[in-house]
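Engineer: Generate coordinates for the entire structure from the input sequences, incorporating the hints supplied.
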Amino acid sequence: MDKGESLFCTAGKIQSGFSSEPILYSGRNPVRKSSPAPLLHGGKCWGQGGPGHLWLSPPRWLEGPGCGSGCHLSSVPSLQDVSKRLSLPMDIRLPPEFLQKLQMESPELPKPLSRMSRRASLSDIGFGKLETYVKLDKLGEGTYATVFKGRSKLTENLVALKEIRLEHEEGAPCTAIREVSLLKNLKHANIVTLHDIIHTERSLTLVFEYLDNDLKQYLENCGNLMSVHNVKIFMFQLLRGLAYCHGRKILHRDLKPQNLLINERGELKLADFGLARAKSVPTKTYSNEVVTLWYRPPDVLLGSTEYSTPIDMWGVGCIHYEMVTGRPMFPGSTVKEELHLIFRLLGTPTEDTWPGITSNEEFKAYNFTHYRAQPLINHAPRLDSEGIDLLTNLLLYRAKGRISAEAALQHPYFKSLGERVHLLPDSKCRLSPPKKGQNKGSWCLQVPLCSLRGAPAAGWGGSL
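Taking my numbering as reference, the numbering of the sequence shown is continuous, increasing by one, and the terminal residue is 733.
In case anyone wonders, no lab produced these hints; they're calculated from the structure. Treat the hints with care, since some could be wrong.
What the hints assert, rightly or not - Cut-off 27 Å, straight-line C-alpha distance, at most; resulting in silico cross-link-like pairs (DSSO-like, lysine-lysine):
1. LYS518 to LYS697
2. LYS456 to LYS422
3. LYS669 to LYS633
4. LYS453 to LYS697
5. LYS453 to LYS422
6. LYS404 to LYS418
7. LYS518 to LYS453
8. LYS422 to LYS407
9. LYS485 to LYS456
10. LYS633 to LYS605
11. LYS633 to LYS697
12. LYS485 to LYS697
13. LYS453 to LYS418
14. LYS398 to LYS485
15. LYS605 to LYS518
16. LYS605 to LYS684
17. LYS669 to LYS684
18. LYS418 to LYS407
19. LYS684 to LYS697
20. LYS697 to LYS418
21. LYS422 to LYS398
22. LYS398 to LYS418
23. LYS398 to LYS456
24. LYS407 to LYS518
25. LYS404 to LYS456
26. LYS404 to LYS422
27. LYS669 to LYS605
28. LYS404 to LYS518
29. LYS485 to LYS418
30. LYS669 to LYS518
31. LYS684 to LYS633
32. LYS605 to LYS456
33. LYS697 to LYS669
Structural biologist: So, in C-alpha cells, the structure goes:
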C-alpha cells in the first residue's frame with residue numbers, strides 16, 4: 270500500500286458507525302447516494318467503489334495488505350483500534366504540487382482599506398457634488414431642463430435629478446432661482462422635498478425626492494376611473510399642500526395633474542414650482558402667461574395681471590372634476606376656445622355673476638354667444654351634493670369669491686375622513702389603509718387607500 274492508500278484507509282477507520290454495513294461516501298452526506306464528489310490526492314482518486322467513491326467502514330482495521338477488494342469488515346472495535354485512532358498525526362501533509370495548484374486557483378482577497386484611503390474615497394461624494402448621484406433613467410425633458418431618475422451614493426435612495434442647462438443663459442434661469450429659493454423654505458408632507466443643489470459651469474441640478482408617478486399617469490393606469498373615495502383623499506392632500514403655500518404668501522401658478530406627484534403609498538405632493546411666486550401684496554401685477562391653458566382661470570385668460578391665491582383655486586376645481594370624471598374639464602387649444610368651453614358649461618358671465626366683465630375689452634371683442642349655466646351634477650354624476658357644492662365654489666367667475674384652500678379643507682365634503690385629519694402635523698400626510706374586506710387585486714399602483722373601483726371598505730375609519 271502506498272502512502273496515499275494508507276492515508277485514506279486510516280481516514281476511513283476513524284468514522285464511527287452503528288451498522289456493520291459499509292456506507293457509500295460521495296463527498297456530501299454519507300447516508301445519501303448523491304452525486305459523487307471525488308477526493309483527490311496528488312491528482313488521484315482513491316476508493317473501493319470506483320473513481321470518486323470511498324467505502325467508509327466502522328472503526329476497525331481492514332485485514333490484508335491494503336484497501337482493495339479483499340478487505341474484511343468487523344463490527345466490533347478493539348482497544349488497538351481506539352489507540353491507533355487517537356494517535357493519528359495532527360499535521361497531515363499534502364503534496365507540494367497540490368498546494369501550489371490550490372494557491373493558483375484561489376482568488377486574492379481584497380486588502381482592507383486604510384483609514385486614509387477610506388477618508389479619500391468618502392471625500393469624493395457629499396452634498397453639493399455631482400459625483401454623489403448616479404443617473405439611472407431619463408424621465409422627461411422640458412424647455413430648459415431635463416429630469417432623470419437617479420440614486421444617491423450617500424443614502425442609496427432613489428432621487429429625481431432636475432438638470433437645468435446654463436449654456437444659453439447668463440447664470441441660472443430665473444425660474445430655477447425662483448424654484449430653489451421657494452422650496453428651501455417649504456417643508457411639508459404634501460410638497461416635494463428638495464434634498465440638494467449642485468451648481469457647475471454647465472448646469473444647475475436640483476435633487477428632489479423621487480416619486481413613482483404623477484396624477485396624470487395615475488389616472489391613465491386606473492383606466493381614468495378612480496374611486497370617489499380616493500378622489501376625496503387626493504383632494505384633501507392637494508388642499509393641504511396648497512394651504513401651506515398660501516399661508517406663506519406663495520402662489521403655485523401652474524397646478525395641473527402632471528405637477529402633482531404620487532408615490533406607492535398614496536401620498537400626493539405638489540411639485541414644479543418654476544412658475545411660483547412669493548407675493549407681498551395681493552394686488553401685485555404679474556404676467557398673465559402662466560398656468561397651463563386647461564387649468565387657467567377666465568380672469569387670467571382675459572388678460573388680468575392682478576391676482577392672488579384664487580388663481581390656484583380655479584385649477585384645483587378643474588383637477589377635482591378631472592379626477593371624478595376621468596377627462597379634462599376645459600381642454601381648449603386656444604384662449605378663445607378655452608373661454609368658449611368655460612362659458613358653455615358655466616354660463617356666459619354677466620354683471621351679476623362677474624361684476625365689471627361687460628367693460629372688459631377682450632371680453633367684448635370676442636362677442637361670445639350667451640349661454641345658460643348647466644347643472645354640474647349632469648357632468649359629474651359621481652359626486653355627491655357636498656362634492657358638487659365644493660366644485661361650484663372653486664369655479665366662481667369672481668376671483669375673490671372663490672373658496673380658499675384653508676376654507677376648503679373644512680368643507681363638509683371631507684367630513685367622512687374624520688376629525689383627526691385636521692390635527693395632522695405638517696410632516697405627515699399618509700392615510701391609513703382599510704382594515705377589512707378590501708379587494709387588493711383592484712388597487713391601482715397598489716395604493717393602500719381603498720378599492721379604486723368600488724366603495725370604501727367596511728371598517729375603514731378614515732384616519733391618517
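Engineer: Can you name, in rising order, the numbers of the hints this structure does not satisfy?
Structural biologist: When the structure is compared with the hints, numbers 11, 14, 15, 16, 24, 28, 31, 32, 33 turn out to be violated.
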